[in-house]
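Chemist: Just so you know, the sequences run in chain order A and B. So in my numbering, spot 341 of the first sequence is number 341, and the numbers just go up one at a time. So in my numbering, spot 237 of the second sequence is number 237, and the numbers just go up one at a time.
None of these hints come from the bench; they were simulated from the model. Hints may contain errors.
As the list claims (entries may be wrong) - Here are the simulated DSSO-like cross-link-like pairs (lysine-lysine), alpha carbons at most 30 Å apart as the crow flies:
#1 A:LYS418 x B:LYS239
#2 A:LYS327 x B:LYS418
#3 A:LYS418 x B:LYS355
#4 B:LYS399 x B:LYS239
#5 A:LYS418 x A:LYS399
#6 A:LYS355 x B:LYS349
#7 A:LYS329 x A:LYS319
#8 B:LYS319 x B:LYS329
#9 B:LYS329 x A:LYS329
#10 B:LYS49 x B:LYS239
#11 A:LYS327 x A:LYS399
#12 B:LYS355 x A:LYS349
#13 B:LYS349 x A:LYS349
#14 A:LYS239 x A:LYS349
#15 B:LYS49 x B:LYS319
#16 B:LYS418 x B:LYS355
To be verified - With the C-beta cut set under 7 Å, the calculated list includes, among others, these residues of chain B facing chain A:
#17 ASN107
#18 SER110
#19 ALA199
#20 GLY230
#21 ARG304
#22 TYR308
#23 SER311
#24 LEU333
#25 LEU337
#26 SER338
#27 HIS415
Note that the structure is predicted; figures quoted are calculated from it, not measured. For every residue, glycine included, the Cβ atom is placed at its ideal position computed from N, Cα and C.
The primary structure of each chain is shown beneath.
2 protein chains.
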Amino acid sequence: MSSRSINPGILNELPATTLSRLLATGQCSAIEIAEACLRRVDAREAEVKAWAYIDPEYVLRQARARDGESPRGPLHGIPVGIKDIINTSDMLTQFGSPVYRAHQPVNDASCVSILREAGCVIMGKTETMEFAVCHPARTCNPENLAHTPGGSSSGSAAAVADCMCPLGLGTQTGASVIRPASYCGVVGFKASYGLINRAGIKSTSETLDTVGFLTRTVGDASLLASVLIGWEYSGIFNKYDNIRVGICHSSYWASADAGTIPMILNAGESLREAGCDVSEVSLPRPCDLATEAQATINLYESFRSYSYERSNFPDQISKSLSARFEKGKGISLEAYLSAQQVLSECRLKMSLLFKDFDVLIEPSAPGEAPYGIDNAGDAIFSRMWTALHLPCVSIPVLKGPSGLPVGLQIIGPMHSDKRTLEIADQIHRMFA
Amino acid sequence: MSSRSINPGILNELPATTLSRLLATGQCSAIEIAEACLRRVDAREAEVKAWAYIDPEYVLRQARARDGESPRGPLHGIPVGIKDIINTSDMLTQFGSPVYRAHQPVNDASCVSILREAGCVIMGKTETMEFAVCHPARTCNPENLAHTPGGSSSGSAAAVADCMCPLGLGTQTGASVIRPASYCGVVGFKASYGLINRAGIKSTSETLDTVGFLTRTVGDASLLASVLIGWEYSGIFNKYDNIRVGICHSSYWASADAGTIPMILNAGESLREAGCDVSEVSLPRPCDLATEAQATINLYESFRSYSYERSNFPDQISKSLSARFEKGKGISLEAYLSAQQVLSECRLKMSLLFKDFDVLIEPSAPGEAPYGIDNAGDAIFSRMWTALHLPCVSIPVLKGPSGLPVGLQIIGPMHSDKRTLEIADQIHRMFA
Chain A
1 MSSRSINPGI LNELPATTLS RLLATGQCSA IEIAEACLRR VDAREAEVKA
51 WAYIDPEYVL RQARARDGES PRGPLHGIPV GIKDIINTSD MLTQFGSPVY
101 RAHQPVNDAS CVSILREAGC VIMGKTETME FAVCHPARTC NPENLAHTPG
151 GSSSGSAAAV ADCMCPLGLG TQTGASVIRP ASYCGVVGFK ASYGLINRAG
201 IKSTSETLDT VGFLTRTVGD ASLLASVLIG WEYSGIFNKY DNIRVGICHS
251 SYWASADAGT IPMILNAGES LREAGCDVSE VSLPRPCDLA TEAQATINLY
301 ESFRSYSYER SNFPDQISKS LSARFEKGKG ISLEAYLSAQ QVLSECRLKM
351 SLLFKDFDVL IEPSAPGEAP YGIDNAGDAI FSRMWTALHL PCVSIPVLKG
401 PSGLPVGLQI IGPMHSDKRT LEIADQIHRM FA
Chain B
1 MSSRSINPGI LNELPATTLS RLLATGQCSA IEIAEACLRR VDAREAEVKA
51 WAYIDPEYVL RQARARDGES PRGPLHGIPV GIKDIINTSD MLTQFGSPVY
101 RAHQPVNDAS CVSILREAGC VIMGKTETME FAVCHPARTC NPENLAHTPG
151 GSSSGSAAAV ADCMCPLGLG TQTGASVIRP ASYCGVVGFK ASYGLINRAG
201 IKSTSETLDT VGFLTRTVGD ASLLASVLIG WEYSGIFNKY DNIRVGICHS
251 SYWASADAGT IPMILNAGES LREAGCDVSE VSLPRPCDLA TEAQATINLY
301 ESFRSYSYER SNFPDQISKS LSARFEKGKG ISLEAYLSAQ QVLSECRLKM
351 SLLFKDFDVL IEPSAPGEAP YGIDNAGDAI FSRMWTALHL PCVSIPVLKG
401 PSGLPVGLQI IGPMHSDKRT LEIADQIHRM FA
């Protein structure tokens, strides 16, 4: 091991991209990173409650094993938290539900296995809402423990925000990555629908469920994406001139807290000053129907996905989830297909709109994290984008009236994940 | 129980729609149906080898329980075989792979649970190829035991063809429902992509995997579809005048056996005589690229879906599947996205083409089932339709030179599953 300038005590606070360089140059070891993360867990977990399952000894065993191997790539030795609706062959996977309190999967989800192949240390399973849908997790927001971290990727967002690990996997069917990222003041990235394989992830809504990440830098999200989506990671981001930014005036702006829209308009002003080509944009019809279509589809599909749990464990399903299932049962095939038709039209229209814009921006959530942990907040600012299958990044550059974070959401064209992350990184730096 | 005209010894030979009426009028019981099916299994299973798991006592227990209840709907008391890549909470689910030889899922797949809710008797698990992809099942074709039943829904096709049960669930990523239906002389139905929930089915290729059925009548497929897709089942089919039939001249006609295309042209002639409006149609560009796009996508996605099995059990994966994984590894994100782009364009073009046609027809397979069980046959006549997400029905109305069955494939517009089944039923009757 060569000369060391890094205090191992703060390794848990560094981004994965930095850790990767330190590991590659022998300035730290995987075991030191794991120890720093575990110290933080030890100090804070009783309050934050980010983890549904964590075994420190097992984390250390993995890290030791990684230190004994030749590096497999830029994620080698980096700890990652896994949302607890994602199967792990060596850790319980409870889906946030008492139905699965003793559930030990026989295999890893595709995304977990690919991260192991890349040398990641699987840190543990992070708390989620009931089936990533309803009853909130017990997790608290590290920014202010009296507030919700948002959901459903609650634990991944809180663990990463609290520097218990640099990387967290999440999933989004409505707002489950972008909203907790916004509330916890971290970066959230939801990939384009379909680009990250979902084998081994509990299915809620087949045409909506999408894998995403919680990280502290856009660079870290890009590193994870390079491995899970599959492009060469160089550590160097392309830079863009005159980025064309559309401030997205969506039909649900009225749902935002009083100060939020002015903050977004201000952010647009800052981007203009930083050289972006900023304009306001109204979405083409029928995008005004997309959020409702998302709800119809989500209810219809999840009623079917959870047929086994509904039939066999009605008493172990929360009242709010049971009520959602009842609603889903009432939706006809015709209503479902017509919602899918609306979304097909919107996707075509959006692909045309993106000829004039590199990215759109809007708030990641209506405002700050609500008080209390029984309400994971409103999903309204993400449901449409999830349904339109577009890549979204939330960057923590705004503050609400109580000083809690609010994310700026950056939306890119379908399948432009690499470019959208590069632009989001560039925009993030404009606010630094 | 009222007056009986039915010999219980032949209940296994009757379609589910008939059994449903007999049950409803007290002319037979679920236990009598189960016994008749089990007698057939007992007589023939040693030769046909359709079942990966079957426990006769448990089948009888289920049937007895159904007889003791008030009927839940038209499928109440009807036995169904489940392809062994579909999870069952009470039966091993081996995915056709030694990796999962002792695998007992903790839950039912959505489709299994919905069938149980509807009162079905789950008969057992039917043989499949390795992960429904490669190494053939041990199943033989009941029409001629020296021939393949096709794959990968081999066991469901053989069990239904041999009258061991009236209904079988299958899945199709390439040709895995339509091909075995064609080879075994039964009806195959592959639903529109996405209409039947896939939660709890082993994922191979997320954008291709589709649930389908093996039955002996189109009416039975329609009955199953009414429950699993979700429309009211009346037992009465709409009738259509002047059905506009396109004989689909696809780019792979040259792959058909010598006699197959003339048979299809003859079938078109018969349909014309029966009052259909029949014409030949060439598919719009870029449909000539769709079959290759299906291959690219299948290889890319399955390489990722099976990451866990690849990494942890390389010695328990067949050479042919390992070779496929190697090919999948070599496919770039760009190549994958460009294949998806081709399919998006084809889907739009096909929706326009279907303004002029009610259905298209072509062979279900290149010809008769090949000799031997080591070769499940060529998937070429289905891969494009699977990739285009269209509903397809195979009806057993043709015979090859050795007297083995060849299916006539009927393809309908996206999401027109009910109508396509009604038209397929009407066409089937034209050949009676």
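Chemist: Looking at the structure, which of the earlier hints fail to hold?
Modeler: 1, 3, 9, 10, 11, 26
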